[in-house]
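Engineer: Sequence:
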Amino acid sequence: MTENPGTKNVEQLLKLVNQGNYAIPHFQRGFEWKPGMVCDLIQSIIQDYYTGLLLLWELSQDQASNDQWDPVWGAKLNGEPSDAILDGQQRLSSLYYALYNPKTKFPNRKSYYAFFIDLVAVLNQEYDEAIDYKFFFNYRSWEDFYNEKDSWAKTGKVPLNILSINHPTENNKSFIDSKEFNDWSLEFLRIHSQDLNDDIVPFNIRDVLNSILKYQFVLYPLSSERNIRDICNIFARVNEKGMKLSTFDLLNAFLYPKGVKLRKDLWGNLDNELLKKVDSNMPEYLLKLISLVKQNYCSSKYLYNLIPNEKIIRKDDGGNKYEDILVDSGDEFKSIWHKSCKFAEKARERIMNTGEADFGAIKTDFIPNTTIIPVLGALLWVFEGDVDEPMFKNYLQKWYWSATFSEDYSGSSDSVMAKDFRDWKHWLESKTPIERIKKINKDFVHEVDFKTISKGSSRYNTILCLLALNNARDFYKMRLAGFGDYRNSRINDHHIFPSKVKDLDPAKCKMFNDTKNSILNRTLLLDATNIKIRNKKPSVYIDEIIKKHGDEQDVKKILSKHFITESGYNYLKSDDYDQFILEREKAIKQHLIDKLEL
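Residues 1 to 598 in this note's numbering are what the sequence shown spells out, letter by letter.
Heads up, some of the hints might be wrong.
[Unchecked claim] With a straight-line Cα cutoff of 27 Å, these simulated DSS-like cross-link-like pairs (lysine-lysine) come out:
id	residue 1	residue 2
1	Lys532	Lys451
2	Lys264	Lys346
3	Lys8	Lys110
4	Lys516	Lys586
5	Lys589	Lys442
6	Lys595	Lys425
7	Lys363	Lys561
8	Lys532	Lys110
9	Lys315	Lys277
10	Lys595	Lys442
11	Lys455	Lys536
12	Lys439	Lys134
13	Lys502	Lys573
Treat the hints as calculated values from the structure; they're not laboratory data.
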């Protein structure tokens, strides 16, 4: 069988997913994208950007009958699948979830998510916030969304699951091809006539929605004649190999004729090793910081506008287009680059220190999201005269913790970064509440299952930072977590119940194997203390700590700074892991709610 590339559009692909034709091999990871990444994908699709090819493995009947397949997230396998997805699972799962509204909670969340398209934004060619989402504790069917169609017209935001259903009475027409939708479009245009260009008609609305369904993916099918060993090797190489030119690499080439040696001089001679070591993407972050300040956006397509003497088209507040040049010369570019480095360092200092206005990431590995550095640096640049004002400091704290805990800065986050920066500028002018701050409320915090928060995630690191800011002291040495030089890893995130603890009562540790590495069983301790605790039950090492400090109340005070309440302390003393985990989850959630003043 030949292996030639072909194409299928989104509508065709999702019908095959819904019919159970496409399956996920067991050697693949699951659906792991965050909601913001789903939004980014669909924003790329409505702009007809390239989003990568799909690599499939055509299955023989024998291969398909083997029990080694999972369905796409939210779909079902109906009999034997025809193809296995080797590369493209995250994209197909995202599109299926957003358009088909399956009765399945979003991965790693306790809620159902729905995705919306802002038709006013798209019709005005303002794509960066055109796709958004909401979460619901209870599943909402298509009928539930349909009953709110009057609000679609008022807000301009339409649920994307409109694209997967037929109209119930109009001869199996798709809903967007129905007369009812045409009537709705006229009402939408009437309400938003002042917000849209005069030449927009109902067909434009249908075209926008159809552009998602008709978007073409390139498919590369691998023959069923290939064996599983060959397939696994291909899968590994697809996910590990390949060199791509970054935006930084391309700008380096474009800037060279302008007398700017971006890589060799500006980045290579940057005398700040701490900033350089934060993230390998720091060169591009510095460009994004400049772009935010200069033009309020920071995705790759906007970075090219920073080339000296590059003429671009912009819009004023009234929507009128005009020609502009953001950077006049190579010398000006060098000047704003150095300023970007200055404020990126100020952002790094805020994130990694433990003062009153700081964010407590005492080690580089503990920074929740390095992608927040361009935004924070741009804010410190633009608001330079306001950084010590009480209202600014209070809002900055709320915004930062909301940003890191929401996890919207994880993965692809350019649109999130740009929107937050613009919201901040709007706040400066009108003191209108920043959307990011409003997004996190008590329900949002309580919805998160802290038992699933694992090492390295944004939420995991957020809680480590809160521990450092809470003046958590080492159990034995009493040393404050936020003071000292930790570059040599003398302090780390260690287990409270050791991971190889022995002789726990099975009735009290039913959750141990599944949650022992979660944030609920971790805290900041010196490496030397972790060695002392090694494999001991808490009841044993707590007695040792009491003997060392001489007073049980002093020990309770030490542990309280680690979000261990009086009840949590008692569960530790009785080696009751399950109750300890539940109690500590309550304590951490309450601390976060208090920190955000929810």
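Engineer: Against each hint, give a clear statement of whether it holds in the structure.
Structural biologist: Now the hints, each set against the structure:
1. Lys532 - Lys451: Measuring from Cα to Cα gives roughly 26 Å; hence the hint holds.
2. Lys264 - Lys346: Distance of about 23 Å is within 27 Å: holds.
3. Lys8 - Lys110: Judged against 27 Å, a Cα distance of about 33 Å means the pair is violated.
4. Lys516 - Lys586: Since the Cα atoms of Lys516 and Lys586 sit roughly 17 Å apart, the hinted pair holds (cutoff 27 Å).
5. Lys589 - Lys442: holds, 9 Å
6. Lys595 - Lys425: Between Lys595 and Lys425 the Cα gap is close to 24 Å, so the pair holds against 27 Å.
7. Lys363 - Lys561: Holds - the C-alpha atoms of Lys561 and Lys363 are around 19 Å apart, at most 27 Å.
8. Lys532 - Lys110: At roughly 37 Å apart (the allowed maximum being 27 Å), Lys110 and Lys532 break the hint.
9. Lys315 - Lys277: Given pair Lys315, Lys277 is violated - Cα atoms ~37 Å apart, limit 27 Å.
10. Lys595 - Lys442: holds, 12 Å
11. Lys455 - Lys536: Roughly 22 Å between the alpha carbons, so the hint for Lys455 and Lys536 holds.
12. Lys439 - Lys134: Measuring from Cα to Cα gives roughly 10 Å; hence the hint holds.
13. Lys502 - Lys573: holds, 15 Å
Of the numbered hints given earlier, the model fails hints 3, 8, 9; all others are met.
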